[in-house]
Amino acid sequence: MMREPAKIKVISLSGWREEKLKSFFQLECDGAYEIISEQADLLIADLDNFQDHAQLTAFTDKHPDLPTILVSFDTEFTRAPQLSNVSLLKKPYQLNEIKKLLASMLGAPENQEAVTATMALAESAGTRAADVAALAEAAADLAAIESTEARAAAEEAEAAVASVVRESVEVAAAASIEGSNVAKETADVVIAAKIAAAATAAASVEADEAEAAVAASEIASESAAAAAEVTESRIEVFSETVESSLKYKSPYPYKRADVDLSDPKEVEKLRYDSSKFLYGYLAKIAIQDDGEELVGLTIDKAVFIFSSDKKTVKINLSDSKLYALSSVPIYDESANISSRLVPWGTIVGKEYPIKELLWDTAIWAARCRLELATDLNKPVALARWPNMTRLRNFPHAAQVAALWVKQPTSLIDTASVLDIPQRDVFSFYVATQAIGESYYVADTTKPASVTKRKKSGLFSRILEHLKGTDETDEEL
Amino acid sequence: MKNYKIIISGPVGAGKSTAVRALSDIDVVDTDEIASDETKIMKANTTVAMDYGVLNISDNERVHLYGTPGQERFDFMWDILSQGGLGLVLLVSNAYPDPFDDIRSFLQAFGEFIGKTSVVIGITKTDEKASPSIDDYHTELGDLIRQIPVFEVDARDRVDLVMLVEALLLSLEPE
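Protein chains in written order, with the numbering used here: chain A, 1 to 476; chain B, 1001 to 1175.
Calculated directly from the structure, the hints in this document are not laboratory data.
Hints should not be assumed to be uniformly reliable.
The following residues of chain B were derived to be distant from chain A, with all beta-carbon distances above 12 Å [claimed, not checked]:
| # | residue |
| --- | --- |
| 1 | Val1012 |
| 2 | Arg1021 |
| 3 | Asp1027 |
| 4 | Val1028 |
| 5 | Ile1080 |
| 6 | Leu1107 |
| 7 | Gln1108 |
| 8 | Gly1111 |
| 9 | Ile1114 |
| 10 | Lys1116 |
| 11 | Gly1122 |
| 12 | Asp1160 |
Which stretches of chain A does chain B cover? Using the computed rule of at least three CB atoms under 8 Å from a CB of chain B, they are [what the hints assert, rightly or not]:
| # | region |
| --- | --- |
| 13 | 89-103 |
| 14 | 385-395 |
| 15 | 457-468 |
The structure presented is a predicted model; accordingly, all values stated were derived computationally and were not measured.
Positions of the beta carbon are idealized from the N, C-alpha and C atoms, including for glycine.
Throw the hints in and build the complete structure from the sequences for me.
Written as C-alpha cells, this is what we have:
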C-alpha cells in the first residue's frame, strides 16, 4: 500500500516552473510528492525573486523548523533566512537534484523501483533540455530585475550629473560677476560631479553577473565617463581667459578610442539620442515655421532668441557655459524649457549664426558618438564644403570634407580610407548633419579606392610647416 | 632644391598682397606702384607684376607664393605665373558690386590651369559687407563651385589662410 504523497509548499517559483515541478512529481516521482498551499511537509523557495521575499520571511518565521530547500544563483546564499533544517541548492540545478534532496529530507518514497527507473529517465536529454530552458527563464527573470535596478540607478546618476552641470552654469554665471570666486566654485562643482560619477559606478556594482545587467552598467559607466569628461572639459574651459580663441582650439577634448564596428554591442554603446540635448531643442526650433515671429528657448537661466529669419540666435551665455549646457541631457521636467515669443532686446548676449550654433552644440552633445538612426555602412556625401573658417575646427575635418565632396563614402570606410580615428569621422558627420550639408547617397557600391590613402609627403610637409609655425596641435 | 608654387589671384583689392604677406616666411617682394588707373579709386598702391613670398618647407624644398596683379590688362602675367603651379587660391571681395561675376570671370580665365590642378575660393571683406552670404554664393553659382572649397576669410588672418591652403592641398590629394 502506497503512503500519502508528501506535501510540498513552494514560494517564489514562477508559474511555469511550478507547473514543471508538479508534472515532475506526478510523472517522474510516481506521485510521491504534491504541491499544496497549506500544512506542508517541506518548503521549496527561490531566493532570487526579491518581490516575494517578504512572503518567504513571513512563512519561515512561522515555521522555522520546517524542512526547507532554498535555491539561488547566489553562491553565498546571503539572503537565506536562518532555519534549522535547510538544504541549499545552487542554480542551475536539475530536477533530479530536488528529488534527491526530498528523499534525504523526507525519507525515500515507498516505490523505490519506480524511483530508480524515473531517475534514469530524468537524466534523459529531454529533461536536461527542459532544465536548461528553466535555467534560461530564471536567468532572464534575474537579469530583468537587476537590469531594471541598474538602469534606474544609471538614470538617477545621469539626472544627478545633469543637475550638477546646470548648477555649474549658474555657478559660472555668478563667478563671472564675482571674478575671484570662480576657482572655488568650480572646484565644488568638480567634486560634486565626481561624487555623482562615483555614485553611478557604485550603483552598477550589483549588476555584474547577468548579461542584461552588464549592459545597464555600461550605460551607468558611460554616464560616469560623460560626467568626468564634462568636468574635465569644464576645468579647461573655465581656465580659458580669452574666449575668442576657442574658435580654433578647444573645446574638442575628446579622445574616444576606436571600437570594433562589426560588433553590434560596441556600436550600440556609441548611440545617443540628440533630441534629449540642447542641440535637439535648437534644431527643432530652427526648422519649424514660426512666420515672422521671434522665438525663444529658455533652459533655467539660459535664454536663446531666434531672429525672425532663423539665421541668427542671441544667447546670454559665454562659449564655456554654452559648452557645459550642450554636453549633458536636458530633462524637461527640471529644465523649465519653454518655447515662446520674446523680444530681441530681452537679453544682452552674443549673436551666434545658426549654423555655427548647430555645428557646435551637435558636436558637444555627440561627444564622438552617433545618432540612433545613423547607418555606418551607407555612403555619405557632402552637398558642398562647409564654411570651415567660420565653424569650429577639429582634427581631420578638412580631410573628411575633401573625401566626401568628391567620393561618397560610408563612415566605416572613411576612417579606414583616411586612416584617421573614428571619433573625428563621427564628429564631422554629426556636425555636417546638423547644418544640413551631408546626406546619404542611394548608391551602395563601394568606392573603387577603399584602400588606405597614401598621404602625400609634400602636402603633409607644407601643412606641417604652415600649422607648425601657427603652433596648432592638430594631427596631420 | 625642389621648388613648387601656389598662385594667389583675384580682383584688385581682394587682399592678395595681404595674404601673401600673412603666409610668407620672408619679407614679401612686391611690385606695388602708385595706382594711376581706375584702381586709384579703390586704393593708393597696386601690384603691377606680382607679389612674391616663400614657404621654406625643408632644406631642399620651397613653395613660392605668387600673387598676381588684379587688373585684367595684366592677365598675360596670370598664364606666366601659373605655369607649374600646384593650385590656385582665388580671393574675391564681398564688398564689391558683383562678386559672383568676379568668380565666374576668374574661374574662366584660369580654366585650363584649374582643370589640371585645383582651386579654392576665399571671400574677403565680409566684415565690411556681410551680404551676400556663403549660402548665397552657392545658390547663385550652383554646380560651378559645388566641389570647390568656398570660405569666408580675413586676408590678414593667417589661420584663415592656412585653412584655405589646407583645403587646396586636400583637394589635390590623389583619389
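Hint numbers not upheld by this structure, sorted from lowest to highest: Violated hints (numbers, rising): 11, 12, 13; every other hint is consistent with the structure.
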